[in-house]
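Protein chains in written order, with our numbering: chain Y, 1 to 443; chain F, 1 to 465.
Please keep in mind that the hints were generated in silico from the structure rather than gathered at the bench.
Note that the structure is a prediction, hence the values are computed from the model and not measured.
One or more hints might be untrue.
Example chain Y residues on the side facing chain F (calculated, C-beta under 7 Å, incomplete) [as the list claims (entries may be wrong)]: (1) R38; (2) D39; (3) E46; (4) S49; (5) I64; (6) G182; (7) T186; (8) Y258; (9) N378; (10) S380; (11) L382; (12) N436; (13) A440.
Derived DEER-like restraints, expressed as beta-carbon distance ranges [unchecked claim]: (14) F/V212 <-> Y/N225: 39 to 45 Å; (15) Y/E121 <-> F/W16: 25 to 31 Å; (16) Y/G18 <-> F/M326: 41 to 47 Å; (17) Y/E420 <-> F/E122: 56 to 62 Å; (18) F/K225 <-> Y/S265: 41 to 47 Å; (19) F/K225 <-> Y/L192: 40 to 46 Å; (20) F/K314 <-> Y/E270: 28 to 34 Å.
No residue lacks a Cβ here, since even glycine has one placed at the ideal position from N, Cα and C.
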Amino acid sequence: MDPLDLCSLAVKVAQRLGATQAEAVALFERSASLSIERDGITGISEGFSSGLAVRAFVGKSMGISTSTPASESEVEKVVSNAISLARSSPPDNGFKSLPEPKPTPEVPGLFDPELEALTSEELIGFCVDGVEASKSEGTVDVSGGATVSAQEYVVANSLGVTLKTKRTWLGFFIEALAKDGGEVSTGFDYFLVRNLKERNFEKVGKEAAKKALKALGAKKLPSGNYSLVLDERTSLSTISSIVGFGANAYNVMLGSSYYIGKVGSPVASEVLTVKDEPLYPNGIGSSPFDSEGYPCSTLTLLENGVLMSYFTDSYTAGVLGLPNTGRAMRGDLGSRPRPGLTNIQIGQGEISEEELFGDVRLGIFVYDSQIGPVGGSNVSSLIDHGFLIEEGELRYPVKESMVGSTVFDLLQSVDGASKEVLNESGQISPKVRIRNVRVASGG
Amino acid sequence: MEFELRRILDRFQLGWKDFADLRVTEVESTNVFIRKGEVDQVVNRKSAGGAARALVKGAWGFSYTTDLSPDGLSAALDKAIRSARAASSNTKEPAEVYRGATFEGRSGLRIRVDPREIPLEEKMSVALRFDGSIRSVGPAVATTGVSLGDAVKKERVANSLGTNVEYEVCYTRLSAQATVKEGDLVQNVTTSIGESRGWETIEGYDVENEGVKLGRRGINILSAKPPPSGRMNVIMDHSLVGVYIHEAFGHASEADAVKANRSILAGKVGDKVGSEMVTVVDDPTIEGARGSYPYDSEGTMARRRVIVERGVLKGFLHSLETAAFMNVEPNGAARAQDFSSKPIVRMSNTFVQAGDMTLEELAELIREGILLIESYGGYVDPARGQFYFTAQEGRLIRDGKICESTQNVSMSGLTLEVLQKTIGVGKEMKIAFPGTCGKDGQSAPVSGGGPYLAVRDIVVGGRGG
Numbered sequence: 001m002d003p004l005d006l007c008s009l010a011v012k013v014a015q016r017l018g019a020t021q022a023e024a025v026a027l028f029e030r031s032a033s034l035s036i037e038r039d040g041i042t043g044i045s046e047g048f049s050s051g052l053a054v055r056a057f058v059g060k061s062m063g064i065s066t067s068t069p070a071s072e073s074e075v076e077k078v079v080s081n082a083i084s085l086a087r088s089s090p091p092d093n094g095f096k097s098l099p100e101p102k103p104t105p106e107v108p109g110l111f112d113p114e115l116e117a118l119t120s121e122e123l124i125g126f127c128v129d130g131v132e133a134s135k136s137e138g139t140v141d142v143s144g145g146a147t148v149s150a151q152e153y154v155v156a157n158s159l160g161v162t163l164k165t166k167r168t169w170l171g172f173f174i175e176a177l178a179k180d181g182g183e184v185s186t187g188f189d190y191f192l193v194r195n196l197k198e199r200n201f202e203k204v205g206k207e208a209a210k211k212a213l214k215a216l217g218a219k220k221l222p223s224g225n226y227s228l229v230l231d232e233r234t235s236l237s238t239i240s241s242i243v244g245f246g247a248n249a250y251n252v253m254l255g256s257s258y259y260i261g262k263v264g265s266p267v268a269s270e271v272l273t274v275k276d277e278p279l280y281p282n283g284i285g286s287s288p289f290d291s292e293g294y295p296c297s298t299l300t301l302l303e304n305g306v307l308m309s310y311f312t313d314s315y316t317a318g319v320l321g322l323p324n325t326g327r328a329m330r331g332d333l334g335s336r337p338r339p340g341l342t343n344i345q346i347g348q349g350e351i352s353e354e355e356l357f358g359d360v361r362l363g364i365f366v367y368d369s370q371i372g373p374v375g376g377s378n379v380s381s382l383i384d385h386g387f388l389i390e391e392g393e394l395r396y397p398v399k400e401s402m403v404g405s406t407v408f409d410l411l412q413s414v415d416g417a418s419k420e421v422l423n424e425s426g427q428i429s430p431k432v433r434i435r436n437v438r439v440a441s442g443g
Numbered sequence: 001m002e003f004e005l006r007r008i009l010d011r012f013q014l015g016w017k018d019f020a021d022l023r024v025t026e027v028e029s030t031n032v033f034i035r036k037g038e039v040d041q042v043v044n045r046k047s048a049g050g051a052a053r054a055l056v057k058g059a060w061g062f063s064y065t066t067d068l069s070p071d072g073l074s075a076a077l078d079k080a081i082r083s084a085r086a087a088s089s090n091t092k093e094p095a096e097v098y099r100g101a102t103f104e105g106r107s108g109l110r111i112r113v114d115p116r117e118i119p120l121e122e123k124m125s126v127a128l129r130f131d132g133s134i135r136s137v138g139p140a141v142a143t144t145g146v147s148l149g150d151a152v153k154k155e156r157v158a159n160s161l162g163t164n165v166e167y168e169v170c171y172t173r174l175s176a177q178a179t180v181k182e183g184d185l186v187q188n189v190t191t192s193i194g195e196s197r198g199w200e201t202i203e204g205y206d207v208e209n210e211g212v213k214l215g216r217r218g219i220n221i222l223s224a225k226p227p228p229s230g231r232m233n234v235i236m237d238h239s240l241v242g243v244y245i246h247e248a249f250g251h252a253s254e255a256d257a258v259k260a261n262r263s264i265l266a267g268k269v270g271d272k273v274g275s276e277m278v279t280v281v282d283d284p285t286i287e288g289a290r291g292s293y294p295y296d297s298e299g300t301m302a303r304r305r306v307i308v309e310r311g312v313l314k315g316f317l318h319s320l321e322t323a324a325f326m327n328v329e330p331n332g333a334a335r336a337q338d339f340s341s342k343p344i345v346r347m348s349n350t351f352v353q354a355g356d357m358t359l360e361e362l363a364e365l366i367r368e369g370i371l372l373i374e375s376y377g378g379y380v381d382p383a384r385g386q387f388y389f390t391a392q393e394g395r396l397i398r399d400g401k402i403c404e405s406t407q408n409v410s411m412s413g414l415t416l417e418v419l420q421k422t423i424g425v426g427k428e429m430k431i432a433f434p435g436t437c438g439k440d441g442q443s444a445p446v447s448g449g450g451p452y453l454a455v456r457d458i459v460v461g462g463r464g465g
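Okay, chain Y solo, but in the shape it has when bound (with noise of 0.2 Å):
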């Protein structure tokens, strides 16, 4: 049965057996992946998967069940399973109501018919040529992956919402490990895309052997005050971390979010302008509507510093008296959807990447790491990978270095961020500067 409708004889189903609201949401996947290990391929996955969830109201008490398989036999059992499990739980006062059907935007590029042709072979000769790449930078043992999924996604609702997208998306990532005596350093890279022209094997291979070849030789530092200078994707790993905790429609309702309150407040440092963007052309985290059907739109977040919005969707909205910003997303497809960001994107600097690094007179080039928050506003986080800085040069790999601070210190001690930007498939992001930040370390 169509995926379309079997949602909709679902949603059908629910309301005859009594839901006052319904909604039904179904992803169906094909996918393979390969995986390489020590230089060759080891193995090929290929599956094909299904998944119904049904969310039934009854008032405004809430029942989800889900079934693997989706299937049309399997609609009747879904469905009153989630209506029991409705009848079942009190009232949630804060339900208002599910989306209502509304115009969705157009995002092109998110499926391409060649990537789901691809076939194993195809796979194969791609991975190939990546770990020769890697191979052509020097003496590295190389391990990885590459992942290819076609998914149709669809979602169903009792006031009229009947949509469906199909997405596909390539992945590879290459882990290359060089030693020298008993000493080992490892360098990773990766690429996500949603289109078959935009994948660059070979690049992956070649600057995963490249960290891995300059990350010899690590040392201790001695702990105390440096700057951080944080490449691309720990700068956008970093700030999505502490910006998608607080801003999160969800944490604010529940009281648990640092940023209650602080909206028209500045929360970070004037360099820094963050938005959300899922309507990016070709993006990974792009879409034309929400996991509850609801039209997506770009959201800014952050401008010069200042907290401009939270992120919602229709419950958190409800609750807070807030427009819904289309950002609900589920973990799996059983679960309830919360607000969760798409393609974040911040904004350039005004400075060269050679200023930023020339102006560190000791400091620490973080790449590859993510430095969060620890269960609320402090930071306490692993430099995964760094080389320290020195009167502008990078100087030696840093192994067993840690920072702390908060999540407001931190950003609001951002004094600098590149011109250049790295657009990975709509995640934008530039180098990021931060000052004084303290660094226990084993040295």
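Place chain F on chain Y using the hints.
Chain F only, in chain Y's frame:
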């Protein structure tokens, strides 16, 4: 459904070094989630699917399906064989499986009270009482979340060597989180109980008392000092030791990492890697522990494995493939998250064995440092042996005495150094961290624990001077 997987395997001709297996996994779970005194969601999940693996000319093919008919599984196995053939053209080091052991048997649910028989109202009531008791300690508890989940998994595994097993296991877990807030300071505290048992896990747990304890722990942290920064001596509690040993040593002892040249422990069996005070065990046969199971997802019977004995590395955790690679017997550590996932080498219940010191003696031993309390998780890069883990709170140790509290903080260390730096081992062993381990995109129920452990020169990443 109840046909023999072996009959399907018999339809296929394999080379003498080749191998195939079939696995059918059915899971039914219920989860109740309470937030801040309200039922947030009640979810029932059912899944059923089959997985086929084939090893042909040294390469693996894996395929999964939700068509559980004999023809559906047969088609999945056919696809796995074709994928393996395709992969074998580019394999550098052909894989093999251990062929010297097969297993046959059935193991049913070993539970006293089936959680599927407990009315939803009772589950909600327990979770709501737990949640309410946490909030009862005061308004500084900004929010709470309580999750009560149970899952029954039934798995059948058969392979071309003759293994044919079927087992059921039940997981029950109750966990709570409290967020406390004062001004811009936000801190989280958590607690949980989780076992491979039925509803009896919950019956034996005093939710009112445990909830109040958790809430008070949170409130206490609000007035605690910022965490210190630098290299220092530490004592870890039972929960922290569980995560510490899991991250610092457990992952590096998973033989798939060793085989892939991604473990700092490769080639070190028989070497002294730690203080003589330290013995590390991973044991999936502990009755009722969260990481326990009778057979792994390759059908190998689970067994206890000693990783480090009195400071000497004794061996690794194995799948059929890694056992063949290292020419040792498999020890039942290949676990798959679900039918669509391949079995990979995982830990189960990992712990440090008890020593002979009291907490006060350990504090006296380290003199200056920090006592780290209750884990909040961690991760490791096993290839380099650099690991990270987080404590929910700390107590400063000055002049051999346990003093005031500090806020949450993370630590890091290097695998090949930390066990050598162990200077004291407590005398009371507890499995205290019923958690979930993530590896290669798969989750597995695990637990960890040990006695109080004193270790010198751990890097503590706080913001204090």
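Check each numbered hint from earlier against the structure, then list the numbers of those it violates in ascending order.
Hint check: 6, 12, 16, 18, 20 fail, others pass.
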